[in-house]
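Enquirer: Generate the whole structure from the sequences, applying the supplied hints.
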Amino acid sequence: MKFKRQYLLIAFIACLVASLGAASAWTQAWNAPTGQPNSITSDGVDIFSASTSGLASVDPNGTTLWKTSNIVSSNGSAMKAGKYLFIGEGNDVKALNKTTGAVKWTSTAPLGAGQVAKYILVKGAYVLVASNSKLVILNREDGTVQTPVTDFTSTSEPILFGGYLIGGTSTGVQAYQAIMMPDLRISSITKSSNSTTAKIENIGLGNANKVLVKWVVQKTDGTYRTIHISAGTINAGETKNITITGAFNKGTATVDPYYVISELNENNNERYFS
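Note that our numbering numbers the sequence shown so that position 48 is 48, with each residue one more than the last.
Just to be clear, a hint being listed does not mean it is correct.
Straight-line alpha carbon distances no greater than 27 Å define the calculated BS3-like cross-link-like pairs of lysine-lysine that follow [stated by the list, open to error]:
hint : residue 1 : residue 2
1    : K191      : K134
2    : K134      : K123
3    : K104      : K118
The calculated label-pair distances, taken between Cβ atoms and stated as ranges, are [claimed, not checked]:
hint : residue 1 : residue 2 : range
4    : E238      : S156      : 26 to 36 Å
5    : A109      : D43       : 24 to 34 Å
6    : I159      : N241      : 23 to 33 Å
In case anyone wonders, no lab produced these hints; they're calculated from the structure.
Just so you know, these numbers come straight off a predicted model, no measurement behind them.
Every residue, glycine too, gets a C-beta built ideally from N, C-alpha and C.
Expert: Set out below in structure tokens:
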């Protein structure tokens, strides 16, 4: 009896699926004529398609927003959507305006001659670019090279995970940490009648430990005072407010003032306020 009931249940399900039909189960919502995609990605708002004929952007309703003739490297997979649409095109790397498709900047052969920009990764204010054997880090906003070109081999598309760059080798999974440096900056300073607060951001790739902030401030009587405050650990992508109390006319705040922490950019650590 038990087996008979199971048989009847299976038969019922089979009849139900047959009555629905494949067309009913997977109804086509829309089709955007972008050309056959080799790779598709999204920024959570729009869809970006790379084909052998170029790039296209499509909105969630299937309307094509723009098309360009850019041919993305690595059969279309060298493409990541962040603040901009970052692509590898041959040996070059480009950032495109996601709304219009216009090129914001081009980094010409940042990995060196003959090195195809095969992999693109984006984190914080930086873009990681890799070929089959080399890796370099670019500034997200202008494409300037931030690090020397380093040796890097991966048999698969690498990922960023747990503070490491993870790639594949012939023997297994390999983690790289040396390039995962932080980048500390003071994004703003807010002054009130009896306190001043600096907003410290880590826009880099790695965590920053034992962060020190140095204040040099002018008091209301015209004399100057130097204050050191520990900010502890500021993880990649994290923001921390550091406040000093008292009435001050003006001054500067410097994060990592004695260059203890190796950073991707050492030139954005100080900010003036008045």
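Enquirer: Next, verify each hint and record whether it holds.
Expert: Quick rundown of the hints versus the structure:
1. Taking the CA atoms of K191 and K134, the gap is near 46 Å; set against the 27 Å cutoff, the hint is violated.
2. Straight-line distance between C-alpha atoms of K134 and K123 comes to about 18 Å, which keeps the hinted pair within the 27 Å bound.
3. For the proposed pair K104 and K118, the alpha carbon gap of about 20 Å is at most 27 Å, so the pair holds.
4. Restraint check, E238 to S156: a C-beta distance of roughly 29 Å satisfies the suggested window 26 to 36 Å.
5. Between A109 and D43 the CB atoms are about 26 Å apart, so this pair conforms to the stated range of 24 to 34 Å.
6. Distance hint for I159 and N241: a CB-CB separation of about 31 Å, consistent with the stated range 23 to 33 Å.
In summary, the structure is inconsistent with hint 1 from the numbered list given earlier, while agreeing with all the others.
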